[in-house]
Amino acid sequence: MSINRRDFLLKAGLGVGAVAANGFIPGLGYINAATAAELLDPLAPKQPHFPGKVKSVIWLHQNGAPSTIDLYDYKPELAKLAGQPVPASFLKGIKTSTQGGVNKLFYSNQRTFKQYGESGAWFSNLLPNLAQQADKIAFIKSSVTVGATHDISILKLNTGDLNPGRPSLGAWVNYALGSLNPDLPSYVVLYNGEQEPSAGSVNWSSGFLPAVYQGTAFRPSDSPILYLERPELRSADQQRASLDLLKQLNRLGGDRRPADTELRARLESYELADRMQRAAPEAVDLSKESEATLKLYGIDDPTSESYGKVLLRARRLVERGVRFVQVVSGYPGNVSDQERRSWDAHSDLDGNHATQARMVDKPIAGLLADLKTLGLLDSTLVVWASEFSRTPWGESGTGRDHNPWGYTQWIAGGGVKAGFTYGETDELGVQVADKDKAVDTYDLHATVLHLLGLDHLKTTFINNGRSERPTVVYGKVVKELLA
Amino acid sequence: MLVRKGVYIAVMLAVTSSVIGAETDSKPAPAAARAGVPNGWAYQPVKTPELPAVKQGKWVRTPIDAFVLARLEEKGIKPSPEADRATFIRRATLDAWGLLPTPEEVKAFVDDKSPNAHEKLVDRLLASHHFGERQARRWLDLARYADSSGFQNDATRPNNWRYRDYVIKAFNEDKPFDRFIKEQVAGDELWPESQEAKIATGFLGGYPDNANSRDLVQRKYQITTDITDTIGETFLASTTGCARCHNHKSDKLSQKEYFQLQAFFANTAFDQRRPLDKGTETAWDKKFAEQQAKYREATKEIRDKQAAILAPYKEAGIKYQKERYLTDSRESIFKPEKEWNALDRWVNFRHKSVFNADTDTAGYLRLTAENKDHADHTPDRITAWKEYQKLQAELRKFDNLRPLSGSVNITTAVELGTDSPPTFVRFGGIHERPTEEVQPGIPALWGGDKVSITPTANSSGRRSALAGWLASANNPLTARVYVNRVWSQYFDKGIVGTPADFGRAGEKPTHPELLDYLAGNFVKNGWSVKKLQREILLSSVYRQASDERQDVVKVDPKNELLAVYPRKRLEAEEIRDALLYASGQLTDVVGGPSVFPPIAKVLENGQADFDGNRQWTVSKDKADWNRRSIYIFSRRSLPYPLLQNFDPANPSQAHHKRDVTTTPLQALTLFNSDIVVNWSQALAGRIINEAGKDESAQLSRLYQILFAREPNKTEKAALKAFLAKEESVVQKKVAAGKFEAAVPTGLKDPSAINPVRGAAFVDLVHTVANSSDFAYRF
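Keeping their order, the protein sequence lines are chains A and B. Taking this note's numbering as reference, the numbering of the first sequence is continuous, increasing by one, and the terminal residue is 483. Taking this note's numbering as reference, the numbering of the second sequence is continuous, increasing by one, and the terminal residue is 1778.
Just so you know, the hints here were simulated from the structure itself, not pulled from any lab data. It is possible that some hints are incorrect.
Restraint ranges, calculated between C-beta atoms of paired labels, are given here [unchecked claim]: (1) 112(A) <-> 1370(B): 22 to 30 Å; (2) 1590(B) <-> 278(A): 42 to 50 Å; (3) 435(A) <-> 1307(B): 47 to 55 Å; (4) 1358(B) <-> 278(A): 16 to 24 Å; (5) 1434(B) <-> 292(A): 55 to 63 Å; (6) 82(A) <-> 1433(B): 31 to 39 Å; (7) 1433(B) <-> 91(A): 14 to 22 Å; (8) 435(A) <-> 1375(B): 32 to 40 Å; (9) 373(A) <-> 1375(B): 48 to 56 Å.
We put the CB at the ideal spot given by N, CA and C, even for glycine.
Build the full structure now, drawing on both the sequences and the hints.
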């Protein structure tokens, strides 16, 4: 259950009680009692700029860049021109390489497309389950970004910049809205696969924001947070006794500085930690989930099992008030070392995407359906995002290269115009058709923030005297996507 | 709407200076304005201020005190009494060394009746190698120092520790700060014979990088941008970076001027494989070379076989690799060398430095072997690739022979000719939209000084010109910016609260005359960092007690006037180092290749970079596990977990200010980490060895070691009650059949203590080490 953090702190005697009617922060002075809890706690919940449509975001990063012309963006012309060179007119204004560059167009003979739902959205045969959720989704078929390598474009997807150093979107949300449940980190990163996603914490970094806003990576194990478990040789009783002594000592120290709220916050942080020690494993424990739910998330299929578990964890976290869950796709647990690949299909697109799509199809479909059933879809935003997508041509004849010039991403959930498609790519899926409708990373970020009740222009932080915002100096809310 | 804005600002200031609610990115920060300080104060020449007249003349030990006291007297506030000696030595040792004083050091200082006891202490602190280790850490924050390149591949930078050691040495030798700047910005140009000066350019070379970028021209722009912004913020406290995309909105800095600043670095490339000068090899280098030779010897046959397999595909593989670059990069790469212009030279040098004929050919072979539809596919490639892989598996068996850390090279900035590639203004900062070409120049805001650029034999001379200007005594910013950083290290907050922004959007100095006094004196004293710190450490301001004072709280709630010494939480490295040192486990070795202490099993090893270095392979030598934190390998994608929750520097960009946040994750780290438990065991053992069996003596010793004081009565009672209770808790475990508990380690006489009592004592030590009295310095 989620506790209102401010209530909690006040009850704990940290707000009005112990600090009398006022709180004092060294270097700041007296502030009024109403904000004492916030002063103690940088993650105290904060008001948005306007009422948000959603409370939480599940950000599904499809790592490695899926080919969206093989998933959502149906291109009959491509099928016709397969095997031929790319007409020069499609390449105007873009920088390409020779290898992996302007080769012959490729279209898989295994690919079929159909329209689904009342909205008639196109899905390929790679996503049969997600297709059933068509009417919950708003597609952005005119996504654009920058970069020819995953490195810089993944950074841009997460932080808005090509160089490391800026806060990730989740960190901004954490900073601007605070936490709804003090017993859990409010910005959590999940991944399937044995290793952390490459480039690691830079992708959930707090950048120039204080470190308290960074994402916390949850390990796939039952004990998801580093240092969560008490040391091997210490019993629960020993720990309790230690915590009691610690509280006593910290209180004695604190009494010498009655106005020092930072020291009080530190005292309290151990009690919070004690609760987190129980709350975090419980939040990721799937043992009480029903067979039907497990099945819904594809946990009964070895290919989708690991991703399904991760998404079910995501749902449980959102249920418990976690603000931002960033899910990085990995690889299924049942593949050989050689097959441990992301969506990055430079060759054998059919094989690669068959596996990757099967890995995510049921889990994401299950997540959307489950959120709906639980009444959480209205307060949650689910985002399908990727660093870029793939070209209609490929260096090898069976795969595709990187395409940052026009591709599909989607959003679903509260405040979203469901069953809607915005923008389109040209007839071959190379570039956006209408540049005015191009949706860059900044626009996607601005739109996500808007749904959370945040104006991206007003969500600012002074870094070295410079007022910074999540969208750098760019970004516009894509109003057409809003219900 | 938001919470009332004023209140909100206060809320976030608790964490750092920040605000929600500013309208656009251009709106200046709410500066804590001080009446009478004009805009653009930072660009005025440094004045020699007159010492203000003060009433309590006796309090003044150095001119610093006069400036601080004058403002206190204006407000009618008395300074705080002097901190007791034990508190002072703990504070000063933590500030100067990042470590705790030993009980013997505390006692010697407390008992020192001589009139210059403080001077002796401070001189001892400044003379120790620990001084350089601590000061260097702060400088490395600014140099965005890391041992890896960042981005997905996050390649190991095997030479970077040499730059780290250079910085430690510079502080320990009290290298004049102007020379320190020049070496870091243009060491290769100014002292081409000096290896040390070349290593110093590692300051510039610390930019995050992705070796597999396919757009080298854009990469060059990103690297130059990083360097320019780092220089602007670090030396000039100017947010120059703003002016890359648009004219600066609060400071008079045009986009054109920004790119003129970039132009100083237009011809700068980096050589990461410059062999060490003969005869300069350290013991580590020799060990590395030896180990590498062993590895090569053991694997020669395998590698030769691999080379033979690759040989027939090499030409095609290299061509393939080159063709993967984007349009303008390719133009340079495929241009005959005699036609190269300055940009082509840069691109090709870069290409050469990231290109590896063997691994790139192997990648090509794999692609054309596995993909039967590839135009270059031939059946023989399938066999060749299989054979190659088999050998690769063989090779991996020798991984434990590979040297883990170190190199036989240095990294240095280098220029490839006297002429520079052109620098263009970029519309909106966007690389693809160059407009007007510009020449190097100093922005008018900073005086617009004409700097004369004289090319050297094979270098443009541009950086030398910039370095000379930066390190000039007439530059109004450089000295002010640095003394402010040092001040903020000792007093938590700078005289200017925004150490990286002295512009209009930054805060105004609380004591402008003091800032000028310190800056002027710093230059007069030959830019001596030690003299600067000595004066601060010996000031009456620094000696004050940090006890809360209600009278100050009312008149000066932000404590800007420093009537009270500001207490502060220890920085990430201080927490680890101090505890490690207290436990008696610290391996006190200065310098050398970075080390890998154990981390959570799930994070160990990890993916390999292009050179086959794993992310985190734990150091074999256990002594390396207990080195100071500055020597721990700084991997950008995997910050050392024990430090990560305590607001360490983020090496992505110059890091100016250590935030203080308080979170349950910190509590979990200190309370549950096995490493902290191990140190507690060792500290418990040390205490028993030193204090003997007597319980009271043990408790005293613990408090002396960690807090430089005795436990008071209440504390002692609480500790004793805990021991009794904990002993019975542990005893119950024993009764249940198994004795599993952390006991004191390193005991001289293992029979000296009953293990149950010992386990309870370890828990006590561990708990006390978790307390705020340890995590703060007062």
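**Study point:** Pairwise beta carbon distance, residue 1590(B) to residue 278(A), judged against the given window 42 to 50 Å
**Key:** Check passed, 44 Å falls within 42 to 50 Å.
Exercise for review: Hint says 16 to 24 Å; check whether the CB-CB distance for residue 1358(B) and residue 278(A) agrees.
Suggested key: 52 Å, violated
Check your understanding: Is the hinted range of 47 to 55 Å satisfied by the C-beta distance from residue 435(A) to residue 1307(B)?
Key -> Holds: the Cβ-Cβ distance is about 49 Å, inside 47 to 55 Å.
Review point. Can the suggested window of 22 to 30 Å be confirmed for the beta-carbon pair residue 112(A) and residue 1370(B)?
Key: Between residue 112(A) and residue 1370(B), where Cβ atoms are some 26 Å apart, the hint holds.
Review point. CB of residue 1434(B) to CB of residue 292(A), is that within 55 to 63 Å?
Key: Cβ of residue 1434(B) to Cβ of residue 292(A): about 60 Å, so the range 55 to 63 Å holds.
Check your understanding: residue 373(A) and residue 1375(B), beta-carbon distance inside 48 to 56 Å?
Key -> 51 Å, holds
Review point. Is 14 to 22 Å right for how far apart the beta carbons of residue 1433(B) and residue 91(A) are?
Key: 19 Å, holds
Review point. Can the suggested window of 32 to 40 Å be confirmed for the beta-carbon pair residue 435(A) and residue 1375(B)?
Key: Holds: the Cβ-Cβ distance is about 33 Å, inside 32 to 40 Å.
Exercise for review: Just tell me: holds or violated, for the beta carbon distance of residue 82(A) and residue 1433(B) against 31 to 39 Å?
Suggested key: Given a distance of about 35 Å, which is inside 31 to 39 Å, the answer is holds.
Violation of the numbered hints given earlier is confined to hint 4; every other hint is satisfied by the structure.
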